[in-house]
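*Asks:* Based on the provided sequences and hints, a complete structural model is requested.
Residue numbers (the working numbering), protein chains in the order written: chain A, 1 to 262; chain B, 1 to 260.
I should point out that these hints are in silico values taken from the structure, not numbers from a laboratory. Hints may contain errors.
Claimed, not checked - In silico contact screen, one side only, chain A against chain B (beta carbon under 8 Å); selected entries:
(1) 24
(2) 61
(3) 64
(4) 65
(5) 91
(6) 93
(7) 96
(8) 106
(9) 107
(10) 135
(11) 137
(12) 167
(13) 183
For every residue, glycine included, the Cβ atom is placed at its ideal position computed from N, Cα and C.
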Amino acid sequence: MQRDWIAPPAAGLALRLAGLRKQFGARTVLDGIAIDVDPGQFVAIVGRSGCGKSTLLRLLAGLDVPTAGELQLGGAPAAARRDDVRMMFQEARLLPWRTVLQNVQLGLADGHASARARDALAQVGLADRANDWPSVLSGGQRQRVALARALVHRPRLLLLDEPLGALDALTRIEMQRLIESVWRELRFTAVLVTHDVAEAVALADRVLLVEDGRITLDEPVALARPRAHGSAGFAQLEGRVLGRVLGETSRASGKAPSRMAA
Amino acid sequence: MRAPLPGWRAIAPWIVPLAILLAWEASSRTGWLSVRILPEPLAVATAFWHLLTSGTLVNDVAISTGRALGGLAIGGGLGLVLGLLTGTFRSAETLLDTTLQMIRNVPALALIPLVILWFGIDETAKLFLVAIGVFFPIYLNTYHGIRAVDAGLIEMARSYGLQGWALYREVILPGALPSILVGLRFSLGLMWVLLIVAETISAQSGIGYMTMNAREFLQTDVVLVGVLLYALLGKLADLVARGLERRFLRWNPAYLGTPA
Numbered sequence: 001m002q003r004d005w006i007a008p009p010a011a012g013l014a015l016r017l018a019g020l021r022k023q024f025g026a027r028t029v030l031d032g033i034a035i036d037v038d039p040g041q042f043v044a045i046v047g048r049s050g051c052g053k054s055t056l057l058r059l060l061a062g063l064d065v066p067t068a069g070e071l072q073l074g075g076a077p078a079a080a081r082r083d084d085v086r087m088m089f090q091e092a093r094l095l096p097w098r099t100v101l102q103n104v105q106l107g108l109a110d111g112h113a114s115a116r117a118r119d120a121l122a123q124v125g126l127a128d129r130a131n132d133w134p135s136v137l138s139g140g141q142r143q144r145v146a147l148a149r150a151l152v153h154r155p156r157l158l159l160l161d162e163p164l165g166a167l168d169a170l171t172r173i174e175m176q177r178l179i180e181s182v183w184r185e186l187r188f189t190a191v192l193v194t195h196d197v198a199e200a201v202a203l204a205d206r207v208l209l210v211e212d213g214r215i216t217l218d219e220p221v222a223l224a225r226p227r228a229h230g231s232a233g234f235a236q237l238e239g240r241v242l243g244r245v246l247g248e249t250s251r252a253s254g255k256a257p258s259r260m261a262a
Numbered sequence: 001m002r003a004p005l006p007g008w009r010a011i012a013p014w015i016v017p018l019a020i021l022l023a024w025e026a027s028s029r030t031g032w033l034s035v036r037i038l039p040e041p042l043a044v045a046t047a048f049w050h051l052l053t054s055g056t057l058v059n060d061v062a063i064s065t066g067r068a069l070g071g072l073a074i075g076g077g078l079g080l081v082l083g084l085l086t087g088t089f090r091s092a093e094t095l096l097d098t099t100l101q102m103i104r105n106v107p108a109l110a111l112i113p114l115v116i117l118w119f120g121i122d123e124t125a126k127l128f129l130v131a132i133g134v135f136f137p138i139y140l141n142t143y144h145g146i147r148a149v150d151a152g153l154i155e156m157a158r159s160y161g162l163q164g165w166a167l168y169r170e171v172i173l174p175g176a177l178p179s180i181l182v183g184l185r186f187s188l189g190l191m192w193v194l195l196i197v198a199e200t201i202s203a204q205s206g207i208g209y210m211t212m213n214a215r216e217f218l219q220t221d222v223v224l225v226g227v228l229l230y231a232l233l234g235k236l237a238d239l240v241a242r243g244l245e246r247r248f249l250r251w252n253p254a255y256l257g258t259p260a
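*Replies:* Here it is as structure tokens:
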């Protein structure tokens with residue numbers, strides 16, 4: 001059987017953010033964000049809740065529009081790349097009235113939609129649940145369906161908004177491994193927002209810390225994959241980033257003043 | 001207490017109705033209960049049979065059902081369309097919702113004198129009354145159903161490239177459907193109530209006409225046949241509504257069945 005619906009893997013998108021600012025009314029949520037991300041890189045964004053990290057992701061997804069600044073995906077404005085960008089949300093957001101397979105097919109127009117969706121389901125290990133309703137799946141299974149729904153579009157940029165936050169510890173590790181393996185296979189650019197520093201260090205090539213609407217840490221993760229949570233290098237890096245998140249170590253001079261209006 | 005016998009659960013709910021029926025039959029036969037007040041159950045059954053075989057019953061039921069469904073189609077259809085409109089478009093809500101909420105507080109039955117003045121006592125009056133009555137449950141539930149669709153799902157669908165009619169068909173309508181069906185079920189109940197009133201006031205055909213006619217000739221058995229028919233049709237409408245919910249809300253954990 002010729003599987004001609006499988007497109008050749010598209011390269012990841014490069015991200016270029018410069019002087020990016022986002023205001024909601026008088027409240028500045030993000031200010032002076034400048035990041036360059038190479039195609040295929042896995043970036044994790046960590047920070048306390050309310051620091052603006054989710055807003056940053058929503059700007060990348062085109063769900064919100066920046067107030068000022070430059071936001072380019074693969075050398076084009078974000079609006080022109082919407083079909084190359086897919087997002088996984090905190091909740092799976094599956095349509096309860098569609099079966100698992102129909103959910104994965106959402107937004108697929110071509111004649112091979114069903115076959116492609118089955119392939120994507122197989123990729124996340126849920127081929128046998130294709131005809132079930134989402135309501136009978138566990139939380140972890142729902143997020144795997146959401147991942148399949150994103151992958152079936154062959155995204156060149158995958159945005160992950162704390163998709164594993166609500167899962168139990170074991171399911172979380174399973175999902176992290178799954179995400180890492182599909183990322184290594186498909187080579188899309190990935191941006192993961194998480195409050196879990198260990199998760200960021202386990203998955204990312206680079207960890208960014210957002211504090212008060214600014215990026216205050218840009219830490220490369222040079223550990224070999226697959227990464228073992230217990231290794232010394234892992235623990236040291238995790239400790240360092242966590243210390244910064246918690247504000248325990250002294251901040252770089254002159255950086256990170258509080259920019260947020262009360 | 002000892003465990004009840006297996007068949008007990010199936011039989012028990014019918015013991016009291018059966019006992020009432022027997023007591024009724026017995027008191028009619030002994031002459032203790034006047035036929036003017038209540039005919040014996042057997043007489044009701046015989047009257048039913050006679051009406052059925054003579055064809056008048058089928059005719060009257062068909063006419064009443066036609067009126068009920070006609071009113072439902074008009075009132076329910078309008079309620080659905082306006083509910084979709086005000087639920088979907090902020091401007092339509094601003095323009096129409098206050099007016100509709102004010103009209104909602106007028107009981108449909110209070111309009112009867114006006115309706116008779118406007119339409120006389122012909123078919124239009126009956127259709128109008130039923131339509132007015134069924135309009136609001138469907139309108140309100142459609143409006144709230146659309147408004148209550150999970151914003152997260154809409155955002156997700158938008159980010160997956162759905163917009164316009166596709167977004168409406170795939171996300172908003174299915175999301176509002178449980179609420180719309182609740183409205184339909186309320187409407188089906190109201191539909192018969194309003195039709196009974198309309199037919200009792202004035203009619204030249206239909207179940208209401210049959211019972212009012214029978215009253216004039218003191219045919220209490222026929223009156224009872226009419227009452228039972230209304231009960232039966234009401235129950236039937238409820239079964240249809242449940243069937244629709246079972247069919248269209250299969251995905252809902254409350255109705256969970258196997259996917260088609």
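*Asks:* All hints, please: hold or fail.
*Replies:* Now for the hints, and whether the structure bears them out:
1. Interface hint status for residue 24 of chain A: violated, as the beta-carbon distance to the closest one in chain B is roughly 16 Å, over 8 Å.
2. The beta carbon of residue 61 of chain A comes within 6 Å of a beta carbon in chain B, closer than 8 Å, and the hint placing it at the interface holds.
3. Interface hint at residue 64 of chain A: violated, since its Cβ lies 11 Å from the closest Cβ of chain B, which is beyond the 8 Å cut-off.
4. Contact between residue 65 of chain A and chain B, as hinted, is not supported at the beta carbon level, the nearest pair being about 14 Å apart and thus beyond 8 Å.
5. The interface hint given for residue 91 of chain A holds, since its Cβ lies 7 Å from the closest Cβ of chain B, which is under the 8 Å cut-off.
6. The beta carbon of residue 93 of chain A comes within 4 Å of a beta carbon in chain B, closer than 8 Å, and the hint placing it at the interface holds.
7. With 8 Å as the threshold, the beta carbon of residue 96 of chain A comes within range of chain B, its nearest partner Cβ sitting at about 5 Å, so the hint holds.
8. For the restraint placing residue 106 of chain A at the interface with chain B, the shortest Cβ-Cβ distance is roughly 5 Å, inside the 8 Å limit, so the hint holds.
9. Look at residue 107 of chain A: its Cβ gets to within about 4 Å of chain B, closer than 8 Å, so that hint holds up.
10. The beta carbon of residue 135 of chain A is positioned within 8 Å of a beta carbon in chain B (closest approach about 5 Å), and the interface hint is therefore held.
11. At about 12 Å, the closest approach between the beta carbon of residue 137 of chain A and any beta carbon in chain B exceeds 8 Å, and the interface hint on this residue is violated.
12. Taken as an interface hint, residue 167 of chain A does not check out: its beta carbon lies about 18 Å from the nearest beta carbon of chain B, beyond 8 Å.
13. Against a cut-off of 8 Å between C-beta atoms, the interface hint on residue 183 of chain A is violated, since the closest Cβ of chain B lies about 20 Å away.
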